[in-house]
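Colleague: Listed below are the residues making up each chain.
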Amino acid sequence: MLDTVRQFETPEGIFLRLRSAGALPRAQAWSIDFVIRVLVCWMGMIPLAFLGQAGVGIGMLVMFVLMWFYPVVCEVFFHGQTLGKRAIGLRVVNADGTPVTWVPSMARNLLRVVDMLPGVYGVGLVSTLIDPYGRRLGDIIAGTMVIHTSELPSGNHVPVLAAERPPLDLAADEQAVIVDFAERCAQLTPQRQQELANLLDPLTGQTGEAGARQLVAYANWLIGRP
Amino acid sequence: MELERISVALRPRTPREAVDLGVVMLRANAWPVWSAWLVFTLPLVAACVSLGLLLNLPWLGIALIWWLKPLFDRVPLYVLSHAVFDHVPRWRETLRGQRQWRWRGTLAALTWRRLDSHRGLRLPLELLEGLPRAQRSARWRVLCKTIGGQTNMLIFGCLQLEIVLFLTMFLFGVLFVPGEFWPDSWRAYAREAIHNVPTTVTLLVSAAVYLAMSVIEPLYVAASFALYLTRRTQLEAWDIDLAFRRIRQRLQSAGRALVLLFACAAGLLYQTHAHAAATEAERVHVEQVFDPSPSQDDAKFAAAAAQVYRDPRFGSTHKHMGWALRKPAEPVQAQRPIGDSLLGNLFAGGLYLLMWLLLAVVLGALLVFVIRHAMRHPVSWKKPRQAALVRVHEMVAAAAMPDDLAGATRAMWQAGQRREALALLYRGSMDQVAAAQNKPLPVDATEADCLRRARALDDTQHSQRVVAIVRTWQHAAYADRFPSDSDIDALLTGWPAQHARQV
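Residue numbers (the UniProt record's numbering), protein chains in the order written: chain D, 1 to 226; chain Y, 1 to 503.
Since the hints were derived computationally from the structure, they do not count as laboratory data. Check each hint, because a few of them may be wrong.
Far from chain Y, some chain D residues (derived; all Cβ distances over 10 Å) [what the hints assert, rightly or not]: (1) 14; (2) 79; (3) 83.
Cβ-to-Cβ under 7 Å is the rule here; a few derived chain Y residues that face chain D [said to hold, decoys possible]: (4) 8; (5) 9; (6) 20; (7) 23; (8) 72; (9) 240; (10) 243; (11) 247; (12) 251; (13) 304.
Glycine included, C-beta positions come from ideal geometry on N, C-alpha and C.
With the hints as extra help, turn the sequences into a complete structure.
Modeller: Following this line, the structure appears as structure tokens:
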């Protein structure tokens with residue numbers, strides 16, 4: 001099964017799913033960051049221009065800080081998100097899903113020098129296209145990866161119905177699917193809802209709209225509504 | 001619909017994740033995609049470039065290659081759509097398949113729709129679904145509703161990546177050409193080259209453009225196809241469909257188990273017949289998989305589908321009323337900051353001083369750190385470091401186990417070292433258990449392991465007492481709850497505690 005998810009099992013038996021991000025969203029985030037940094041530099045240059053050579057020096061310092069420390073500071077203090085990454089819904093984490101800390105963040109941002117070759121991020125692009133989790137060389141060496149954090153487009157509200165216990169014992173994943181159905185049925189046409197509910201007539205004993213309502217009632221029971 | 005055959009993990013995805021899924025799909029089918037791509041496109045590209053050279057219009061070759069992109073897109077889509085639902089086609093099959101696929105959409109994309117930014121999303125709709133015209137536009141509106149913006153971002157992102165790849169090749173080429181091969185005067189060379197581009201330069205640039213396109217264009221098609229799959233998964237809940245089918249199968253097979261026993265004998269007779277039918281069912285065509293339209297004679301279904309298309313959720317126009325300022329507010333004139341060269345010099349001098357101070361502080365801190373580190377951890381090259389667990393184990397094992405376990409424990413308990421007393425009792429009992437079972441405890445045995453070992457003892461009374469000791473120890477160690485003196489006495493009588501130590 002092809003997927004972009006990297007899965008970890010914690011010692012407590014909980015599965016962490018990291019949805020790795022590839023070249024295209026990352027390029028978008030970088031572009032936003034680039035525009036922000038250019039704008040800040042440009043806005044800073046206007047008052048500094050009145051200070052003569054000292055102004056040029058300060059401007060270069062600002063550029064240096066923005067180039068090397070803007071990503072590091074953002075990643076360490078703002079949950080692994082620069083402004084561009086926040087806009088796109090990405091986050092930098094360690095390869096095991098823990099928040100990124102100083103050393104990996106410094107490492108991955110210093111290695112931009114390599115990924116940037118030959119000045120247009122060509123090496124980084126090729127690396128993100130080849131790596132299964134879309135990491136550039138800096139990420140691979142620093143042991144970090146970039147993941148998606150934006151919420152999934154599935155619904156999050158089960159329609160309220162009188163709860164009803166399913167007549168058979170269901171496995172955990174089967175229960176999850178029934179709740180999933182109830183959450184997402186608002187996105188489906190009534191016909192499609194009934195078509196799906198008809199598949200489960202051995203469970204509900206009903207077809208059509210009654211079957212769909214029955215499944216929603218089961219979902220209400222499964223999520224613990226009275 | 002033959003969803004069971006899909007080779008992609010179906011789940012709700014954001015459009016951006018769908019784009020990444022496209023990259024994964026492409027990587028998984030890299031060889032079939034690019035072999036077919038090269039065989040299909042290379043002759044056409046060669047023809048375009050030679051036409052440009054013949055007409056002495058060097059830009060024409062590159063422009064033609066770019067213009068033909070929608071034609072090339074068919075190849076990756078054919079491979080990927082078959083690979084997802086059916087089997088991975090080889091390049092011969094892919095080229096043969098192109099003849100059977102419709103050309104109407106491609107012709108449109110090559111002419112009046114060449115600048116359409118939704119080209120990638122239109123491909124599966126035109127080539128895989130093949131609906132009649134009236135339904136197609138309605139369906140397009142449904143598909144495009146939430147991912148239209150993302151499709152635009154995708155095509156511009158791919159354009160960006162293509163330029164990046166081209167520039168990478170170009171700049172690396174420039175970097176690796178030795179200096180003596182460059183013309184002496186760039187200006188003279190450029191003036192000359194604009195009027196008469198050398199053939200080698202045309203060929204090299206065309207090759208770089210073609211290579212960059214070969215990498216990114218299949219990626220674009222794959223990402224668009226993944227967007228399409230994700231959108232349909234969202235609209236039709238394909239993942240729930242699959243899971244429901246699995247539940248249904250489980251429920252039915254449970255009921256069928258009894259019937260199956262009786263059917264077994266009869267089934268043997270029909271085996272050959274069933275096998276033939278199964279192979280017939282195995283053969284699906286990708287066009288059937290994607291075709292959302294029902295069989296034509298089913299009038300009831302068609303009526304239901306028409307009803308669905310009338311649903312206001314699928315493509316309708318909305319009117320929003322609101323108030324807006326007729327004249328935007330005048331921007332406030334910013335005051336010009338007043339500069340002074342004296343101030344600048346002072347500031348620069350301060351920064352200069354600060355820099356040296358910072359350097360001194362850093363060097364001093366480094367020195368202090370090194371000295372402290374050297375004092376705290378004297379360097380020893382002889383002993384390699386051991387795992388922490390093994391070291392702890394050795395430390396514990398080195399502490400001698402008293403011969404009279406009960407006596408030693410009681411002495412410690414009465415001296416007020418309650419925790420240490422219980423720890424000693426626990427360790428001593430586990431030694432006894434290990435000795436009784438003639439099987440040493442592993443280094444990393446947890447309390448649960450010890451309990452399991454204790455329950456495996458033959459003597460129930462012994463086993464119960466060891467379990468009680470372990471439980472008492474756990475309560476003391478993790479909850480700080482200590483037993484009363486009488487409980488301790490009960491634990492210390494009998495087998496594990498009052499047993500001579502066996503070594």
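Colleague: All hints are to be evaluated individually against the structure, with a verdict given for each.
Modeller: Hints versus structure:
no.: 1; hint: 14; verdict: holds (18 Å)
no.: 2; hint: 79; verdict: holds (18 Å)
no.: 3; hint: 83; verdict: holds (17 Å)
no.: 4; hint: 8; verdict: holds (5 Å)
no.: 5; hint: 9; verdict: holds (4 Å)
no.: 6; hint: 20; verdict: holds (4 Å)
no.: 7; hint: 23; verdict: holds (5 Å)
no.: 8; hint: 72; verdict: violated (19 Å)
no.: 9; hint: 240; verdict: holds (5 Å)
no.: 10; hint: 243; verdict: holds (4 Å)
no.: 11; hint: 247; verdict: holds (5 Å)
no.: 12; hint: 251; verdict: holds (4 Å)
no.: 13; hint: 304; verdict: holds (6 Å)
The structure is inconsistent with hint 8 alone, although it conforms to all the rest.
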